[in-house]
Amino acid sequence: MHEELSRLQAEALAALADAADAAGLEAWRVRYLGRKGALTDTMKLLGTLPREARPAYGQAANEVKNALEAAFAERQEALKAAALQVELTGAALDVTLPGRLPALGHLHITTQTLRQFYAIFAEMGFQVYDAPDVETDEYNFGLLNMPPYHPARDMWDTFWVTQGSPDLSEKPTSARELVLRTHTSPGQIRVMRERCPEPIRVILPGKCYRYEQITARSEHQFYQVEGLAVGKGIRLTDLVGTLQQFARRMYGAGRRLRVRGSYFPFTEPSIEADMDCILCGGEGCGVCKYSGWLEIAGAGMVHPTVLRNGGYDPELYSGFAFGFGVERPALMKYDIHDIRYFYGNDLRFLGQFG
Amino acid sequence: MKIPLSWLKDYVDITISPAALAERLTLAGLEVESATQIGELWDRDKLFVGRILSVTQHPDADRLVLARVAYGAAEPLTVVTGAPNLYPFVGRDLSGGHGPKVAFAVAGARLVDGHSAERRIARLKPGKIRGIQSAGMVCSEKELDLSDEHEGILILPDDAPVGVPLIDYMGDTVFTFDIKGAFGHLQSVVGIAREIAALTDQPLRRDALTILDRQPVAIVPDADFTGIVIEDPDLCLRYSAALIEGLTVSPSPLWMQQRLQRAGMRPINNVVDVTNYVMLELGQPLHAFDYDLLRARAGTQTPGFSEKPGVSDRPTIIMRRAHPGEHLTTLDDVDRALDPDMLMITDTAGAIAVAGVMGGADTEVHDDTTTVLLESANFNFLSIRRTSQLLKLSSEAASRFGKQVDPELTVRALARAGQLLAELAGGTVRPVYGDIYPGKPAPRQIDLNPDYVNRILGIEIPAAEMVRILEALEFQVDGKLVNWDTGKLGSRQDGESTNLPIYQSTNLFVTVPSHRQDVNIPADLAEEIGRVYGYDRLPITLMEDELPPQRRNVALEGEEKVRDILVGAGLDEVITYSMINIVDEGRLRADKATPDPADYVHVLNPLTVDRAHLRRTLLPGLLNTARANLRFLDRVAIFEVGRVFTPRPGETLPAEPRRLAALLVGPREPTTWLAHDNEPLGFFDLKGIVEALIGRLSLPDVTWERGEHPAMHPGRTARLSVAGAEVGAVGELHPIVRAAFDLPEETPVAVLELGLDALLAPWGAAIPMTDISTQPAVYEDLAVVVDEGIPAIQVAALIRQTGGKQLADVQLFDIYRGKQIPAGKKSLAYALTFQAADRTLTDQDTSKLRARIVRRLEQELGATLRA
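Sequence order for the protein chains is Z and B.
Throughout the first sequence, residue numbering follows our numbering, covering 31 to 384 in sequence.
Throughout the second sequence, residue numbering follows our numbering, covering 13 to 879 in sequence.
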């Protein structure tokens, strides 16, 4: 009888070695260790044995069972390890292949720059005020201290517009009333007239238009950000401080600012702010035309006439105003050498900026 | 404006280097755009003023001569030269210093190669020319890098000092100034010199003051030589004229030609050059009329006119507005039609000049002119600018008169011109003048409170320093209650020196000099003080002022959020031009109807026809952008947020509503090794993006309906409404429009244009959250067959309505047409999720709900349950 057990054990172990996967292993388990398996069958023989032989047989059968169970567990582990090995070796990827890109959009570079302006000035208490693109001659020039034919108007080559079909008899320039704003400054008058007598801190971003041929260096459409602060104790030194804060936030902590005299009809005194060249650090290079300085903003103290036109008494109030080009920071930062890229909308260009 | 430094040195000592001067001026607001050095190449020990001692024929060459040149060294040198302007001197006796003065280069001098087309610089090497040793060179203008002139050598004036390095005699730096705005006082050499004097703490030189204040030649008023009548004193503030006789018209001397050239003007003849010279020097434009021609014109008006001067032919100069229909041929030989607001210089026979802009051809100075009437006037600057702009005629005079010329200059300029004409144009000068001055400005006095200046600038500048600055700029300051030791204003304290001036007021009474027409108010003086004090000396402060009320800009926030969502959905933002071609907007119409120009804002002076109108829609910009990009890319997904412009009859300004437009064209996914989905992007891709946008903006009451749009495919256009308001259309481009914009055929182009203001109107309201049920959900599918014409949204809406609260979700997961489905019908399959907030739904609950849904679909939409 014991030989029978030994034979069964030998046969089962041989068969176990042939079980190559989880299914084979399960079939083997059912066949040898299952409720109706071979080992159960041999246990059924126990009753046919003489009483004194039963313990020894039972013990032998148990040993076989334990041995087979141990072998099963071991084989199961081995097969798992082998399967893992197969998975680990067989499923290797060429990790240098390109990944699956989600759809990627880009904000226009001008929007990105505008948002930098918004964020930096918001921290200094300046909020965004919107003004129209089409302006009256009065707001664009007259209320900014430039009556008709004033020589300062030469600083802005102007597009004149009219609502509906133009009168074909050509009107003289003096009769033209509407312009595409040549700068964001007319918004100064609009915000002052709306807010007077509150103190004001706003920035006025927007599209501006100038009658200029489109070349690598000039566009007829561009963006500006105007700033205006009005209050009872605003000083020129505050303006310089504000511009310096901006330069350091926009271009880096160590930036130096240089202020020089200038002329704008709607500020008095008028200044221009230069920053040490971000390319050469002031040594002189092609970008700064070997001056070491880059012009970043025109600015000044709001002209008393302009304050008065906005409703503020210049005896009691003072204010400063500044104007930044929006394309210029990007031109400098990214070394863009042709302004036509901005509104030519070549996606191969626009896709290069975040 | 260009001015040579040497000319400035006539009026002010320059104590710092040209570079330092340029920086000082630039910081003070007088921007030096560039500084060009004349004589950069002239080494001090290599180029000299020389004198030719003798000229002899070269023994072996007809076209060469030998010149012996003294140049300050112990021994003169002999050079071989081919200069034709030395031939006349061959064999002549040049002893006693009669030989011509020349620019003489010795070995090693850097010169420009006279025979080379481009500017090639080489060092002079002595050598033999046709057997004769040449030890140096007498130079042409080209060799000296002065001009391209190489016909002969440069002959210097007789008074040129022999032996002086050429750089000291002729070297110079030419500054180019960028003068902004209405600064008439900076439009002259003396004006800039005055600025330099103030900025470098130097006095203006005495000889300059002589010119300005003392009238160097005596000129006397004489009413007989000419009559002056100002009919329109609002436009002609002052008219002065001088008669100068006995002139000989000839070229100006070298020094004057050189100064004019360096200042950017072309020398013409001594008479014209003097008028230009004085204009550059003092800023007062002058005009010379031929007096005999004026006289002849006056005579034609007078019976019995004879050639001899007499009272009958005394010219009368009349300043008046042009008559309607009046014409004048100006110096440039163009016939000009004048309008009645233009000021004319006329005589009894008609117009002789457009005042302040250009003279007439009829009375022009010519080679035989002997007597001139020299005009020196002052006009209303805005009127001059208007005339110059309307006639599209610019001139040096108009440019200066357009920037407020000092009205006190007229007689001084006549005196200066008289002096120069006497010196340079020979003959006898009989200077007489007339002067009518109806527009003499009242003296301008400004009460300046020093505290105001300091408050505006944000700094404590002592009042004494303010006075010093203003006086340096020739402002007259009274009321100086200044302690000169402390720089402080105040009343005298006991124990202080009694030498201090004592005044009761703390204000400075500032009288503005006549040359500062631009200074009128205390703020103008604050600028003068600030810029001369030096903006670089200002401290830097931050505002201490009250913080204004802070406000949200909801419109901007919404716009930026839309941009972020669309970029997140994979679209690129573009910004196109506001100015467009109306034809492009016409191409947007499948029915080819022409846009009505009355609906547009027109540009009156467009750059090109492509920029002649303001856009009413963003779509052409996107379509043109797509076409341009499709030359390089196969897929374009873009959007623009921007303003469009529509006229508002009766309103001053047009409306500028904000729009959102988007466009998708090309394969859904870029072809990569991972994805080969070459299905083209279409309506549902764009609609999905809009749904995402609406979802992210949490917009309420969204309705999609079949819609129409002139640019879109009639069967593939949806109208979108939000909160009851129509916001725009989403669709695929009409094939005719697609072709009109040269977009690829047979590829759908999905586009949308929405009104951003309408879309965002309901945005921003907080929508309360929906509780998440923890109860188990029951999932069931439902497939119904309906008529093809029934919109899917109607089926889903009915299911939702019937299912009520316990139907948590309805998703369409399949649309089927074909076998088993009758023609003209479609099968719609929905996944339903049943879930209650407070209890577990039983089978009975859900089958009841389901049965009710099916019944209503059958009854109201004629649907049948699909087996």
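There may be inaccurate statements among the hints.
Unchecked claim - Here are the computed lysine-lysine pairs in the DSS-like style, where the Cα-Cα straight-line distance is at most 25 Å:
hint	chain 1	residue 1	chain 2	residue 2
1	B	K14	B	K192
2	Z	K66	Z	K95
3	Z	K363	Z	K319
4	B	K140	B	K154
5	B	K573	Z	K237
6	B	K14	B	K154
7	B	K14	Z	K319
8	B	K192	B	K404
9	B	K192	Z	K319
10	Z	K237	Z	K363
11	Z	K237	B	K192
Rather than coming from a laboratory, the hints here were simulated on the basis of the structure.
Structure-based check of all given hints:
1. B:K14 <-> B:K192: Holds, because 14 Å separates the two Cα atoms, which is no more than 25 Å.
2. Z:K66 <-> Z:K95: Satisfied, since the Cα-Cα distance of roughly 14 Å is no more than 25 Å.
3. Z:K363 <-> Z:K319: OK: Z:K363 and Z:K319 at ~16 Å, within 25 Å.
4. B:K140 <-> B:K154: Satisfied, since the Cα-Cα distance of roughly 22 Å is no more than 25 Å.
5. B:K573 <-> Z:K237: 20 Å, holds
6. B:K14 <-> B:K154: Measuring from Cα to Cα gives roughly 21 Å; hence the hint holds.
7. B:K14 <-> Z:K319: Given pair B:K14, Z:K319 holds - Cα atoms ~19 Å apart, limit 25 Å.
8. B:K192 <-> B:K404: 21 Å, holds
9. B:K192 <-> Z:K319: Roughly 20 Å between the alpha carbons, so the hint for B:K192 and Z:K319 holds.
10. Z:K237 <-> Z:K363: 21 Å, holds
11. Z:K237 <-> B:K192: It holds: about 24 Å lies between the C-alpha atoms, which stays within 25 Å.
The earlier numbered hints are all upheld by this structure, with none contradicted.
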